[in-house]
Amino acid sequence: MALTTHPALKITKGRYDDVPYEEKERLFGQVKADPRYDDYLYGCYECGICVAACPSARFYDFSPRRIAQATAREDVEQVYEQMNDDIWECSQCFSCLRCPRGNNPGGIITIMREVAVNNGMATAKEALEGYTRIIYKIMGTGTQVSPDMLQPDAFPDWGPGVKEVSDQLELWRKMLPPETLHTTNTGWAIEPKTIMELYVIWHATGALDMIKEVDANLHMILEEMMEDRLEDADYDTSPVSKLNEH
Amino acid sequence: MSIPVEQILSKKAKFERDPDAHVPEDFYEQVFRLEEEGEWIVQRVPDDFIEVPTKYGRPKKVPRQPTWHHKSCGQCGHIPGYSTSIFWVIRKLGLAYEDPKDQTSCTAWNYYASATSNAAAQAAVAMRNFAAAYETGYYPIIHCGTSYGHYKEVREELLGHSDLRKQVREVLGRLGKPMVMPEEIVHYSEWFHAMRHEIAAKQVIDMKNIAVTVHPACHYHKLVEGDAIYDPDMYQGQRTSIVSGIAERLGAEVRNYSTWFDCCGFGFRHILVQRDFTRSFATLRKIQVMKDEADPDVVLTHDTGCVTTLDKSQFAAKAHGVTASLPVMSEAQFAALAMGAHPYKVCQLHWHSADYKPLLEKMGIDWEKAWAEFQEDMKKIERGEQEFLTWEDVDA
Amino acid sequence: MPSDAVLIVGGGPGGLEAAANVLDLGGRVVLVEKHEKLGGTPIHENYAALTPYFDSAEEGMQRMIDRVVGHPNADVRTQVTVASQEGSAGDFRVALSDGSVVEAGAVIVATGFQHFDPGRETQMYGYYEHADVIALQDLESMLKDHNVVRPSNGEKPKRLCFIQCVGSRDRRIGNEYCSKVCCGVASKEAIEVRQQNPDCKVFIFYIDMRMYGYWENQIYWPAQEQYKVQYVKGIITEILPKDGSLLVRGEDTTMGRPMEVPMDIVVLSVGMEPSKGTREMAGMFEIPQNKYGFIETAAPPLDTVTTAKEGVFVCGAAVGPADLEDTISSAGAAASKAVALVRRTAAAGAPA
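Residue numbers (the numbering used here), protein chains in the order written: chain A, 1 to 246; chain B, 247 to 642; chain C, 643 to 994.
Since the hints were made in silico from the structure, they are not lab data.
In silico negatives: residues of chain C with every beta carbon more than 12 Å from chain B:
(1) I685
(2) L692
(3) G702
(4) G712
(5) N715
(6) A725
(7) A737
(8) V743
(9) W857
(10) Q868
(11) Q872
(12) P942
(13) D945
Listed next, the in silico DSS-like pairs over lysine-lysine satisfying Cα-Cα at most 27 Å (straight line):
(14) B:K603 - A:K163
(15) B:K307 - B:K448
(16) C:K798 - B:K260
(17) C:K679 - C:K786
(18) C:K918 - C:K951
(19) B:K301 - C:K884
(20) C:K933 - B:K301
(21) C:K822 - C:K933
(22) B:K347 - A:K193
(23) A:K163 - B:K564
(24) C:K786 - B:K257
(25) B:K626 - A:K174
(26) C:K918 - B:K301
(27) B:K625 - A:K163
(28) B:K537 - C:K884
(29) A:K13 - A:K125
All C-beta atoms, glycine included, are put in the ideal place defined by N, C-alpha and C.
Start from the sequences and build out the full structure, keeping to the hints where you can.
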């Protein structure tokens with residue numbers, strides 16, 4: 001029983017008081033049920049070494065220690081707050097693997113993020129705004145970053161070099177000795193068959209379905225594109241057997 | 247000096263690893279056990295390999311050749327001199343390698359940034375790439391630090407969860423690909439470390455006046471921390487010796503600074519959608535500190551994200567009075583320059599943001615002449631005399 | 643042939659106390675010590691004062707030595723180790739490195755502990771990189787010399803800190819236990835530093851403060867109240883050089899913010915591990931060790947000294963982290979059980 005569920009113990013009004021407790025419990029349940037959860041969370045003796053090493057803790061009111069503590073205590077209310085307010089500050093650098101207990105707060109956050117995305121939480125969608133083109137790039141073309149993403153309006157703070165690159169892109173890409181790098185819309189020249197194999201993976205593992213919750217339009221575009229490409233090939237794209245929850 | 251202080255200092259002079267010391271469980275035996283149980287094939291490191299020491303003492307095999315190169319999308323996309331330098335050095339040493347088209351991005355950037363993926367998808371992508379390498383008979387080495395760290399994480403998850411293996415096997419089955427786990431997961435910078443003596447033997451530029459600071463990538467040494475190079479001859483085995491080892495071997499002076507263990511601030515999603523964090527962190531916690539405390543001629547690192555972050559963040563910071571400017575590159579590009587590589591045709595430094603010209607001057611490289619040569623070759627392509635710059639054009 | 647002697651391996655506080663008890667009971671002792679001097683770790687590592695009474699380590703050990711050395715029934719051999727053994731309870735024949743063979747009815751292993759080597763698993767504290775990062779026992783030797791200075795430049799420190807739990811309570815290192823004494827010892831040393839260097843500020847970075855029983859008011863409260871030692875809950879992640887000092891990075895957890903502060907000297911509160919001698923004797927006498935390498939007692943918690951091998955007893959830090967009073971107590975228990983066994987087998991006229 002979490003510390004703050006008893007009405008008499010509530011001193012201040014919480015930001016998510018209007019969300020029913022059962023909903024928060026359900027979401028925490030999904031986090032706990034993830035097969036990786038037991039690998040990432042043992043006990044916590046609040047030593048703070050994770051915060052000491054954490055880059056995000058220096059600039060945000062963010063604490064991997066509080067994530068580990070809230071989940072270890074099974075404090076449903078706190079975890080729900082964190083899933084909304086905190087998890088997207090994490091830099092996923094895994095400096096917090098300094099933990100002497102073997103905890104992985106960054107990993108716990110990865111699970112929390114996936115649950116947030118899977119459930120279409122508003123804060124998750126907000127955090128991923130502006131990220132759509134990257135998801136399109138990786139899921140659609142097989143490479144995460146392409147040369148033509150270096151546009152001055154996308155990276156204005158990187159300096160005048162970006163404009164130079166984007167102006168000269170075609171030519172400069174031809175000035176690369178490695179044969180696979182003469183591309184502009186993908187990182188390197190990738191086999192069409194390879195891309196199809198990636199599509200099968202997105203379908204079979206349910207990763208494509210996750211996009212639906214974040215950005216329905218993007219999902220539609222991707223789905224159509226993949227269907228098109230996969231049409232003549234003979235792959236089984238149905239979901240694989242689910243991982244056992246515990 | 248008092249006797250106690252003398253005794254204390256002599257006791258702390260050299261670290262000797264205790265053979266009785268408990269060593270955390272290593273993945274290595276488990277990988278082979280699963281092969282015995284018929285769960286997957288272990289792709290052996292080729293006979294031509296070099297051994298390097300890892301954190302808890304287990305020797306790691308680094309293949310010398312033939313290698314299959316798992317490229318980095320960030321490198322190939324935005325800093326192509328990085329990938330080019332890696333291939334150029336291998337070619338100069340006359341070693342066999344494959345630059346595959348049957349390779350996808352590791353997709354870890356997306357995974358860490360947006361969580362729009364899951365453990366099964368990530369593992370399937372990794373294993374599909376390993377299978378593709380296995381099918382060529384060449385041994386995979388990984389270019390990006392995050393790909394490397396992530397694949398180590400995937401290996402750990404696969405070793406620990408039979409369900410996950412089952413799922414991945416099902417997916418690979420549909421693709422007609424075998425289930426293969428490499429004996430070792432090797433990062434290209436481990437190859438450069440293992441090969442540093444051979445590389446130094448071909449050195450033509452004297453680096454003894456060049457001071458460097460090293461930034462070790464978080465994902466290289468913090469994820470599955472036992473599987474990273476720790477050499478007792480460098481930092482007394484107290485810090486990972488990657489990048490520092492080869493910089494020192496090439497004669498450069500490696501200088502210390504007080505935020506050595508700090509992340510660069512890449513943040514995965516932050517560098518795209520919360521950029522104030524990334525550029526503040528990179529410039530205030532890393533670049534400015536390096537400049538103030540070490541004043542190096544160049545910052546060396548060994549990961550795509552780190553090069554990108556440290557190099558590209560410096561411009562905007564000027565608006566806030568952070569005036570420190572340091573050129574940033576990978577140790578691959580640095581080693582290539584040391585071996586006489588063309589700064590533009592091979593190292594492709596024109597894609598970098600922070601000013602590298604003073605560094606080249608200090609190395610005795612005439613960048614004006616080099617740029618003119620590069621422009622000459624560009625004109626040939628514009629005129630249609632040749633389609634692309636080739637390996638012959640860069641003497642490899 | 644049954645023997646009435648008790649062989650004691652190790653001449654530290656455990657071995658000396660066991661020997662004194664055996665002698666008091668009218669028994670015979672052969673005590674074997676690998677170092678030149680008796681007194682164990684407090685002597686070899688130059689401990690200043692003992693926790694928690696602040697009495698001199700050297701004088702304390704000397705009193706223990708005086709009870710044994712020179713006693714007609716005590717055969718004390720220094721710079722000698724056990725080379726091999728055979729036999730069984732009541733009738734052991736043990737070959738020593740000085741070429742002799744000793745007959746003993748019982749054996750007490752009192753080979754103690756060694757300090758965790760902080761360079762071993764890179765905790766990023768730079769013990770082998772920075773002159774001014776030292777361990778608890780290094781500070782002890784300077785305190786004994788009444789000359790606590792920065793090893794790097796011989797200057798008196800203005801800011802000194804302790805980092806607790808180094809090498810203990812850590813799943814990755816594998817020492818998943820608390821070394822029991824380091825909180826008390828660090829606080830004791832903190833008080834001594836404040837006494838000897840009143841201008842020096844002293845900090846202790848900890849996870850928990852383990853102040854058992856009377857230590858609470860013998861050490862902890864005085865450290866805070868009289869000597870103004872500053873306790874901060876938050877363990878340090880790394881130490882790096884900056885501007886001529888050591889930069890220490892942690893989180894001040896009770897205030898909930900990251901913290902980066904300069905220190906002149908950093909003292910690592912290293913934990914206890916089984917000594918080489920403990921590991922060797924475990925193998926030599928074929929007694930089981932636990933997963934940390936300490937010698938296992940066969941029936942804890944009600945019997946703290948009997949091993950699985952009949953006739954072989956163990957005491958002190960060879961069993962696990964122990965403070966001085968633990969060691970004295972278990973040494974007495976081992977002595978009485980050893981003597982009882984020796985007399986039983988002698989009475990039966992044959993090996994037990």
